Amino acid sequence: MRFSGRNKIFNTLFFIFSYVAVNAQTTIRGIVTNSNKDPQSGASIRVKESNQGTYADSAGSFLLIVQGKGKRNLELSSVGYTTREIEISLNDTIIFLDIELATETKTLGDVVVISVGSFEASDKAKGASLTPIDAVTVAGNGGDIANALRTLPGAQQIGEQDGLFVRGGSNDEAKQFVDGSLLPSPNYASIPGLPQPARLNPFLFKGILFSTGGYSALYGEAMSSALILETVDMPDKSSAALHIFPQNLGAGFQELSMDGKRSYGINAGYGNMQFYNRIVPQIPDYFKGPEYISTDANFRIKTSATGMLKFYCNYGYSNIGIRSPDIDSSSLFSSFEQVNTNFYSNLSYRESLGNNWKIEASTAFDNYQNGITRKLFNVKNQQLFLPDYPYSQYNLDSSTNSKFAEARFVLRKQLVHNQAIRFGAEYFYNHYLLSSHYPSDDATNMLYNNLIAAFAETDIYIAKKMAAKIGVRAEYSALLKRTNLAPRLSLAYRFADGGQINMAYGIFYQLPEMGYLAQNRDLDFSSADHYIINYQKKAGNRLFRIEAYYKVYHDLVTTYPSYANWGDGYARGIELFWRDKRTFKNVDYWITYTYLDTKRKYLDFPYAIAPSYSTPHTLSLVVKKYFQDINLSANMAYTLATGRPYYDIQNSVSGSPFFYDEGTTPVYHVMNLSFAYLFSIFPKWKNKEFSGIGLGCNNVFGSKEVFGYYFSYNGTNKMAVTPPATRTFYIGLFMSFGIDRRNDFINENL
Amino acid sequence: MKKVIFFIIANFLQAYSIQAQNNYKQQMQAAVTKLDQAASVKDYQQLAVEFESIAQLEKTGWLPYYYAAFCNVKIGWIYQEDGDRIEPFADKAEMDIKKSESLIDTAVQKKELSEVFCVLSMVNRARVFINPMSYGRQYGPVASQYTKLALKENADNPRANYLDGWEKYSTPKLWGGDKKKSKELLELAKHQLASNPDNGINPHWGLKEVDELLKQLK
Numbered sequence: 000m001r002f003s004g005r006n007k008i009f010n011t012l013f014f015i016f017s018y019v020a021v022n023a024q025t026t027i028r029g030i031v032t033n034s035n036k037d038p039q040s041g042a043s044i045r046v047k048e049s050n051q052g053t054y055a056d057s058a059g060s061f062l063l064i065v066q067g068k069g070k071r072n073l074e075l076s077s078v079g080y081t082t083r084e085i086e087i088s089l090n091d092t093i094i095f096l097d098i099e100l101a102t103e104t105k106t107l108g109d110v111v112v113i114s115v116g117s118f119e120a121s122d123k124a125k126g127a128s129l130t131p132i133d134a135v136t137v138a139g140n141g142g143d144i145a146n147a148l149r150t151l152p153g154a155q156q157i158g159e160q161d162g163l164f165v166r167g168g169s170n171d172e173a174k175q176f177v178d179g180s181l182l183p184s185p186n187y188a189s190i191p192g193l194p195q196p197a198r199l200n201p202f203l204f205k206g207i208l209f210s211t212g213g214y215s216a217l218y219g220e221a222m223s224s225a226l227i228l229e230t231v232d233m234p235d236k237s238s239a240a241l242h243i244f245p246q247n248l249g250a251g252f253q254e255l256s257m258d259g260k261r262s263y264g265i266n267a268g269y270g271n272m273q274f275y276n277r278i279v280p281q282i283p284d285y286f287k288g289p290e291y292i293s294t295d296a297n298f299r300i301k302t303s304a305t306g307m308l309k310f311y312c313n314y315g316y317s318n319i320g321i322r323s324p325d326i327d328s329s330s331l332f333s334s335f336e337q338v339n340t341n342f343y344s345n346l347s348y349r350e351s352l353g354n355n356w357k358i359e360a361s362t363a364f365d366n367y368q369n370g371i372t373r374k375l376f377n378v379k380n381q382q383l384f385l386p387d388y389p390y391s392q393y394n395l396d397s398s399t400n401s402k403f404a405e406a407r408f409v410l411r412k413q414l415v416h417n418q419a420i421r422f423g424a425e426y427f428y429n430h431y432l433l434s435s436h437y438p439s440d441d442a443t444n445m446l447y448n449n450l451i452a453a454f455a456e457t458d459i460y461i462a463k464k465m466a467a468k469i470g471v472r473a474e475y476s477a478l479l480k481r482t483n484l485a486p487r488l489s490l491a492y493r494f495a496d497g498g499q500i501n502m503a504y505g506i507f508y509q510l511p512e513m514g515y516l517a518q519n520r521d522l523d524f525s526s527a528d529h530y531i532i533n534y535q536k537k538a539g540n541r542l543f544r545i546e547a548y549y550k551v552y553h554d555l556v557t558t559y560p561s562y563a564n565w566g567d568g569y570a571r572g573i574e575l576f577w578r579d580k581r582t583f584k585n586v587d588y589w590i591t592y593t594y595l596d597t598k599r600k601y602l603d604f605p606y607a608i609a610p611s612y613s614t615p616h617t618l619s620l621v622v623k624k625y626f627q628d629i630n631l632s633a634n635m636a637y638t639l640a641t642g643r644p645y646y647d648i649q650n651s652v653s654g655s656p657f658f659y660d661e662g663t664t665p666v667y668h669v670m671n672l673s674f675a676y677l678f679s680i681f682p683k684w685k686n687k688e689f690s691g692i693g694l695g696c697n698n699v700f701g702s703k704e705v706f707g708y709y710f711s712y713n714g715t716n717k718m719a720v721t722p723p724a725t726r727t728f729y730i731g732l733f734m735s736f737g738i739d740r741r742n743d744f745i746n747e748n749l
Numbered sequence: 000m001k002k003v004i005f006f007i008i009a010n011f012l013q014a015y016s017i018q019a020q021n022n023y024k025q026q027m028q029a030a031v032t033k034l035d036q037a038a039s040v041k042d043y044q045q046l047a048v049e050f051e052s053i054a055q056l057e058k059t060g061w062l063p064y065y066y067a068a069f070c071n072v073k074i075g076w077i078y079q080e081d082g083d084r085i086e087p088f089a090d091k092a093e094m095d096i097k098k099s100e101s102l103i104d105t106a107v108q109k110k111e112l113s114e115v116f117c118v119l120s121m122v123n124r125a126r127v128f129i130n131p132m133s134y135g136r137q138y139g140p141v142a143s144q145y146t147k148l149a150l151k152e153n154a155d156n157p158r159a160n161y162l163d164g165w166e167k168y169s170t171p172k173l174w175g176g177d178k179k180k181s182k183e184l185l186e187l188a189k190h191q192l193a194s195n196p197d198n199g200i201n202p203h204w205g206l207k208e209v210d211e212l213l214k215q216l217k
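Those sequence lines, one after another, are chains V and P. Oh and the first sequence: position 568 is 567 in numbering that gives the first Met the number 0, straight run, nothing missing. Oh and the second sequence: position 140 is 139 in numbering that gives the first Met the number 0, straight run, nothing missing.
Don't take each hint at face value.
Unchecked claim - In silico lysine to aspartate or glutamate, EDC-like type, Cα no more than 20 Å apart, as pairs:
hint : chain 1 : residue 1 : chain 2 : residue 2
1    : V       : LYS537    : P       : GLU93
2    : P       : LYS178    : V       : ASP628
3    : V       : LYS123    : P       : GLU93
4    : P       : LYS180    : V       : GLU456
No lab work stands behind these hints: they were computed from the structure. Remember, predicted model here, so these are calculated numbers, not experimental data.
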């Protein structure tokens with residue numbers, strides 16, 4: 000038995016070995032990793048043209064036994080990675096393979112998108128990235144996109160002026176761009192102590208890029224910040240809309256052609272605060288308005304499958320008169336009247352030229368006309384003309400006219416793996432005319448500037464996980480007769496877990512304001528060097544970001560002792576951002592912390608000091624909740640900021656400046672709430688309308704806000720700069736009627 | 000010694016069992032059976048690859064691509080709360096389902112077309128999940144449109160009724176959502192699934208999904 004048993008075994012072995020001789024088999028062992036050597040569990044390993052295959056285990060390793068001899072192709076794939084083919088020769092042995100899969104940049108779209116110094120709110124935003132709607136529905140922004148962005152890192156809370164104050168820079172150092180072109184005056188003409196509304200409807204934009212530094216070479220003339228806005232393309236339906244609020248009312252329509260290739264629209268609005276101001280008393284006394292008229296018109300044409308021509312124009316009018324006790328004498332009153340008109344137009348065109356080339360071109364035109372009348376009154380409301388300084392300055396008529404024109408083009412070539420080359424040029428024309436009429440003398444200042452700029456930029460991959468944007472921008476100003484050359488560089492490295500480190504460096508030049516150039520035409524460009532590093536991680540509908548920066552200012556404009564470029568300074572800080580759309584159902588919140596340390600010598604500062612629009616610590620919390628069952632969306636924004644410095648700078652008899660008074664304002668904290676309730680008044684209509692009631696309150700807790708102080712000429716009297724009313728309220732109705740043609744277009748494209 | 004031999008034989012059997020399954024129907028049945036049990040992203044990921052490799056062999060059948068697409072889109076739905084990860088799966092699913100559609104005679108195979116439209120609806124819905132605020136306007140109506148088309152081709156398709164019920168459940172009332180209608184549709188889908196149980200390798204998924212949603216409606 001034993002013998003025969005052994006015989007059986009030998010027989011079996013013989014059988015097996017002979018079988019092997021005929022049907023050779025090769026064992027393939029291997030490990031599949033990505034470029035960071037992380038195991039790719041679940042990766043598929045398959046012999047092509049056969050059904051033999053297996054998957055990598057959780058350690059990324061696999062075992063595959065393949066029959067036959069000769070050459071075979073092994074296909075390795077994993078979602079999100081480029082499929083690889085490896086040729087193997089089957090020769091009865093064991094083959095060891097160590098296979099690395101490259102991230103598939105094409106399907107993931109944005110593997111390494113450099114995101115340093117900027118927040119992008121795009122209609123393509125994924126996960127926890129911001130969308131334009133997220134940005135424009137931040138509570139208490141008053142329809143001004145710049146206000147909404149103040150809850151993002153880098154921005155200061157400045158209640159007495161409009162615009163963005165970013166990382167130690169003034170609002171003049173932050174510029175807005177619409178479809179590539181500069182928007183010279185985003186708000187109605189400013190009034191001392193009273194921020195003015197934005198001219199452009201924030202819902203006009205489908206893409207908002209808020210750069211707090213280190214931005215692309217395609218843009219210039221902004222030392223600290225660029226707000227790059229992209230307007231919407233075709234609407235998806237013809238519609239009409241109207242809104243009624245105590246402060247303003249308006250109506251508009253947008254018509255879309257049947258073939259969906261052309262659209263045009265007109266909107267008009269009128270606002271007058273008199274009624275509101277009677278219910279909610281304001282300081283100062285508004286004896287005129289504030290009154291606003293805004294009208295806009297647009298057309299958009301799809302010139303081809305890839306071409307788009309867009310036109311937008313906007314006309315705005317504001318009329319305001321305020322009266323307040325004169326700071327130099329309690330028995331006198333001074334008044335300030337302002338009439339501002341502004342026309343802005345923007346024409347842009349984009350088209351694919353084939354072979355992955357694209358052109359984007361735009362032109363913009365702006366005409367700004369502002370008239371200011373200042374008067375001094377006695378208690379009997381009679382105009383007074385006093386010859387002594389400073390009273391001699393208090394009766395004044397002045398008018399400013401600024402004309403601006405811009406033309407630019409950008410050519411871009413898309414290369415493999417999200418790489419690209421871009422270059423282009425732009426031309427700016429500025430014309431500035433200021434006439435001042437005092438009782439004693441008149442003054443007129445006129446100047447114009449031609450500025451040309453050329454720029455080039457490339458997006459390249461230095462390594463698989465490392466992308467770079469390298470750019471350069473050159474500008475020549477005919478008025479300054481000077482040229483500048485600004486290099487820009489940013490780098491991004493992405494970790495396997497999705498985290499990303501970004502760095503940026505760049506020089507950012509800016510022309511002195513025309514008002515200063517009118518005083519001294521020999522001024523030079525001011526500039527800032529930016530050094531930025533950040534870490535960002537986005538996963539699971541959450542986003543975390545930390546960013547640190549250092550900026551050096553050169554050649555800032557000084558006004559005392561003379562108009563020159565004798566200023567300089569620095570800014571540095573750390574900022575945190577956390578957004579979470581996941582933890583609480585239907586709740587989206589973000590938290591921002593901004594630390595800023597900045598000092599600069601400019602204007603009449605005797606030496607480098609922290610400017611009055613800067614504070615070291617700012618904390619913001621934004622919460623949005625949508626109550627789906629009752630169609631109510633609620634928005635809350637809370638901001639806490641340390642006090643801001645204030646100074647009364649005077650000159651001694653010998654002419655040297657000194658601080659007559661200085662200090663820090665109280666801590667600023669404000670909570671804003673807003674609600675939108677959506678409903679339909681005529682639900683039975685075939686094309687039912689959508690209506691909403693919007694209501695909100697700024698500074699719900701009624702905290703006393705002091706933004707700074709006005710000082711009398713001799714410095715003995717100071718008056719707090721406060722908001723005109725502790726709280727602001729709004730409640731109103733908006734309605735939208737539309738023929739929803741989305742389904743028609745979908746059906747055509749299914 | 001015996002152990003060694005048994006090991007060798009076992010090894011052989013394993014190696015050859017793969018070849019032995021070289022039969023489309025058997026392979027599909029095995030994969031679909033696994034799919035009935037699948038729950039995690041990993042399960043669906045592996046099955047998607049498995050269906051794709053079957054598709055490579057059986058180039059004329061619509062089912063392997065259909066299932067490959069379904070597995071990938073299912074991953075997109077699982078990642079509902081993780082918008083950053085969805086897109087590649089939605090893209091892959093769309094590619095496969097379009098291949099599946101091209102293998103159907105759309106004039107005759109109404110039932111099959113209805114199933115394909117269901118997956119197309121899910122693909123577009125998955126894109127909405129990427130970020131409802133930004134993608135919802137664009138892809139939401141497309142998803143609903145595909146559900147309607149699926150119902151038009153075959154009103155008795157329980158999966159189409161499930162998707163319709165899902166939409167009625169998830170859409171705010173103002174925009175056409177209706178919880179009561181949703182429950183009716185889901186119960187209809189459940190009834191349709193029960194009256195036409197597991198039919199081999201043809202699409203029969205849905206019961207798990209319907210029950211889960213009905214639980215939330217209670």
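Outcome of the hint check:
Restraint check for LYS537 of chain V and GLU93 of chain P: not satisfied, since their Cα atoms lie roughly 25 Å apart, outside the 20 Å limit. About 10 Å separates the Cα atoms of LYS178 of chain P and ASP628 of chain V, which keeps this hinted pair within 20 Å; it holds. Restraint check: the Cα-Cα separation between LYS123 of chain V and GLU93 of chain P comes to about 19 Å, which is no more than 20 Å; the hinted pair holds. Note on LYS180 of chain P and GLU456 of chain V: the hinted pairing is violated, with a Cα-Cα distance of about 55 Å set against a maximum of 20 Å.
Consistency with the previously given hints fails for numbers 1 and 4, ordered from lowest to highest.
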